[in-house]
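Novice: The chain contents come next:
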Amino acid sequence: MDQKHGEFIRQFAAVQPSLYRYICSLLPNFSEADDILQEVAVISWEKYSSFDPSQNFKSWVFGIARNKVLHSKRRFLRTQNLMAKALEEKAEKHFVEQELGHLEEKQDALNTCIEHLDQKQQEVLLLRYKEKMASEDMASKLKRSAQQIRTQLFRLRNTLRSCINNKMMGDS
Amino acid sequence: MGDAEQIDKLLDLSLNSEASEEQVKELEDLCAKNNDNLTHYIESIDNQVFLKDAVCEGEFTPAPQTPSRKKATFPFWLIGCVLILALSASLVTYKKRPTTLSLSIASRTHGLSLIRKEKELINNSGVTLQTDDLLQVSAHGELWLDFANKGKIYAHNSSIIKVNQLSQESFTLVKGELSAQIPLLKAQLIFSTPELEIRTHNAEFTVSSSNGSTEINVLKGKVDATRLTDGKQITLSVNDSINSLTMKVDNNLTVGSISLFPELENGLRYYYHETNKKIPGVYDSQRLIDQGLTNRFAIQRGAHEGYARHAHDKHSHIHNKDFHITFEGLILIDQDAQYTFRLSGTADSKIYINGKTLSKTKSKSDKLLTLSLNKGYYNLKLETIGIIENDAPGESALIEIQLGKNEFREIPPENIFFSNYQPLPKMFLDGNIDKSLSAHLPLKGNFRDKVYKEDVATFGDPQFIKDERFGLVLDLDGKDDYLVHFPVDKLGMNLAYTACTWVKLTEEGHYDQTLFANASSSGVSTTLVLLLRRLYPYHAHLANDSIADEQIEYGKWAHVAFRYHQGKQSIFFNGELAVSSFNHSILSSNSPLEIGRWSHRRTLLGRLRDVRIYNAALHADDIKSLYEKTK
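Those protein sequences? They're chains A and B, same order as listed.
Its first residue numbered 0, the first sequence is counted upward by one per residue in numbering that gives the first Met the number 0.
Its first residue numbered 0, the second sequence is counted upward by one per residue in numbering that gives the first Met the number 0.
Looking at chain A on its own, in the form it has when it is part of the complex:
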C-alpha cells in the first residue's frame, strides 16, 4: 500500500466514529447510515488527491457526508428546510468537536457498565443491537409485548447513561 493510501486510512479512521454519528443524526437509520458511510469513504478516497492538507480533514469529510445525505429521500426533516439547516449546523458542531480520545474513554466506561447488567438485560441489548432483532420478534422470543420491550430498552439506555456519567466523573 502506498503512503498516500495509508495516510488516508489513518485520517479517516480517526474521524469515522464521529462521522457515523453525524450521518445518523441526518438520517436516523442504522442500515442506511452504514451505506452512506461506505459511500462517503469511497468518495473521499477518490477525491483525496484534491484535498488541501491545510484544510481540516474532518470538516471536509463531513461536507461530503452532508452532500451525500442531502440527496437521500429518507433524510430527516426533509420537508422542514429551516429546521434541517439548524440540525445540520448543530450536529456538525457537536460531532466535529467530538474527540476520538474522549469517545474511547466513554466507550470503555460503557463496556464496564454493561458488564454490571444482569443476564436478561444484556440479552435484550444483544438481541437488539447485535442481532438487529425487531421489537416484535424480540417480544415473541422473550414472551413479552413489543411495548414492554421498547420500554425496557429505554430504561436500559437511561441506566447506562447514568452509569457512564458516574464513571466518567470518577465515582465507583
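In case anyone wonders, no lab produced these hints; they're calculated from the structure.
Possibly wrong hints are sitting among the right ones.
What the hints assert, rightly or not - Pairs of lysine-lysine, DSS-like flavour, derived with a Cα cap of 30 Å: (1) B:K478 to A:K129; (2) B:K276 to B:K219; (3) A:K46 to B:K219; (4) A:K92 to A:K105; (5) B:K219 to A:K105; (6) B:K24 to A:K92; (7) B:K443 to B:K628.
Stated by the list, open to error - Some but not every residue of chain A turned toward chain B, in silico, with C-beta under 10 Å: (8) G5; (9) I8; (10) L76; (11) A85; (12) L86; (13) V95; (14) N110; (15) I113; (16) K131; (17) A133; (18) E135; (19) S139; (20) Q147; (21) I163; (22) M167.
Here the structure is a predicted model, which is why all the values come from computation and not from measurement.
Beta carbons: idealized from backbone N, C-alpha and C, even for Gly.
Assemble the complex: chain A is given as a structure, and chain B must be docked to it using the hints.
Specialist: Below, chain B alone, put in the same frame as chain A:
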C-alpha cells in the same frame, strides 16, 4: 410521557427501521419544537451509536445467573458482527457489502478456491467467510481479505489460508506468503503457521511459510511471535525479521525494500499453455509456454500474432501446435449500471466475469451477457485457442462492453489493471530521469547528442525537413541513410535499458522498418533489433522476441519505447504499455548502435525525432510522462 422520553423511543424505532411514516413525522415535529429537544435528539443519536458499538464489538457475555433465583437457560451465542465501514473500498471491493457481513473475500483473480467443511468448492464469488473455511490461491491467483477498518490481508503465490475462528479473527497460513496491514491499535488479529503463532495490532508485516520454517518481516508496529514447539516468544519491531528455526531477530530489513502490497498497473496478463484438447477453459496440460502482459482483451492472429516462444535460448519460431491462450485482468467499472458484454470473433472462446461465463464457438454469431455491476473492480478472463502463425488475417476473439443502451466498445486500456508484485521504482521528470539518460538526439536540425555534446556519425545523406507538427525533424530515405552512435555496452544497453523515439512512416517500404539495431551482428542475444515489423513495434535480442498489438499509421507520428529489465521486455506505444513478456535473454554486445538501419536492407523510410537511450528501465509512469512532455 415527556418529550425526551418520546424522542428516545421514536429514535430507537427509526434507527432500527421500525418507525412508520407517522412516527418519523412525530419525531421530526418534536425536534423542531425547541432547541432542547434538538439537543436531546443529537445526544440520543450519540448514545445509541455508543451502545450499538459496545454491544457489537464488546466481548461481554451475559452474566451467569445465580442458581437460587433463576432457571437454567441456554448458553448464549455471540454471533460475530463486524460493522463493515469500508474505509477504502475502491481498491479491494467490487460490490457494496450488506451490513451484516462479518468478513468478505475480495479476491482479484480466478486463481482462488474456497473449500468449505462439506468439501464444497466455491470459485471466486463474493462470499462471506466462515469458521473452518480453507482458501487456496493458485500460482497465478491472489486473494484479498478485507476486515473493514480492522485491516487487510493479501496473499498470492500458491498460498493456503485457513479460517480458524472467525469471531476471534484467527487464521492459519498453511503455506505460502501473506502481507498484512492491521492499522488500529485496539484490533488484534491472530495468525498461525505450522511453526509460529503471531499476534499483532497496529502493524504491517509479511509472513511466509514453507518447508518447515516461517519467516516474518515487520515493516511497521509490533508483532509478537511464539514458536509452537517450545513456546519461545519474541516481540518484533520495525525493520526486524525472524525465522522460526533460529528465533533470532535480524534488524537488517530496510523499510521500503519490501513492498507490502502489489501495485495496480494498467494492463492485463496473458498465458499460453500447451493443449491437446483445444477447448477454451480446459487446461489439459499445465505446461506454460509463454506469459506476459498486454493491454486489450482482443486477439487477432495473423502474421505477427499467435506465435509463442519457448525457452530463451531458442530462436523464436512459429509454434507448430495449437495452444491455449488466457487473458486475465481486472476491469474497473465506473458506475453502478447494467452492462452487456459481447464476445465476438472467429475463434472458439469463453469469458468469465463476476461468477458468470459466456462461450462462443467459431461457427456461431456473437454472444451477449448482461450483468448488473456496481462500481469497482471485477476479474475478467478470456480464454481461446491459439493457432499457428500465417500471413492471412487469422482468427480473432474480442470482448466489447455496452453501458446501458450506448454503443459497444472495447474496454479502454486505462480501465484494465493487473497486480504488479515487483514494481519498478518511479523516477520523475524533475531531473531524476535524466540521470539515466545515456544518449539524447533531439534531431532538430543537427546531429548533436546532448549527453556527449558531439555529433553522431551519419551515413548516406540524411536530411532535416520541416514537419507540420514538430518543425525540423530528421528524414531518412529508406535506402542508405542511417546514424551510428557509440557501442551499445557504452550506452548501458547490456543491462536494463529504455530506448525511445518519435517516428513517422511516410510511405510503404520494407516490412521491417528499423529504429535501433547494432551493427554487424547476427547472433542470439548479441543482436539488438528494435523496429516496426509490418507496422507493429517489435523487440528482440535477435531470438526470443516480442511484438505489440498496436500498429503505427502511415503519415502519423507515434512515440515508441522499448524497455528491457531482468528478462522482461516491454513495448510502450504513445506512452501506454502495449505488451510485456518474460524470459528474454539479456543483450550482450559491444557493437555500435545504429539508428534507422538493421543490415543493408532494413532501413527506415520515414522521420525521426527526440531519440533517447536510458541505461535504466523506466517506470511506466515515467514513460507516459516522457510521452506527454515531448508530444
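Novice: Does each hint fit the structure? Answer for all of them.
Specialist: Hint-by-hint comparison with the structure:
no. : hint             : in the structure
1   : B:K478 to A:K129 : violated (80 Å)
2   : B:K276 to B:K219 : violated (50 Å)
3   : A:K46 to B:K219  : holds (27 Å)
4   : A:K92 to A:K105  : holds (19 Å)
5   : B:K219 to A:K105 : holds (29 Å)
6   : B:K24 to A:K92   : holds (24 Å)
7   : B:K443 to B:K628 : holds (16 Å)
8   : G5               : holds (8 Å)
9   : I8               : holds (5 Å)
10  : L76              : holds (5 Å)
11  : A85              : holds (7 Å)
12  : L86              : holds (6 Å)
13  : V95              : violated (12 Å)
14  : N110             : holds (5 Å)
15  : I113             : holds (6 Å)
16  : K131             : holds (7 Å)
17  : A133             : holds (6 Å)
18  : E135             : holds (8 Å)
19  : S139             : violated (14 Å)
20  : Q147             : violated (12 Å)
21  : I163             : holds (8 Å)
22  : M167             : violated (12 Å)
Hints 1, 2, 13, 19, 20, 22, counting from the list given before, are not met by this structure.
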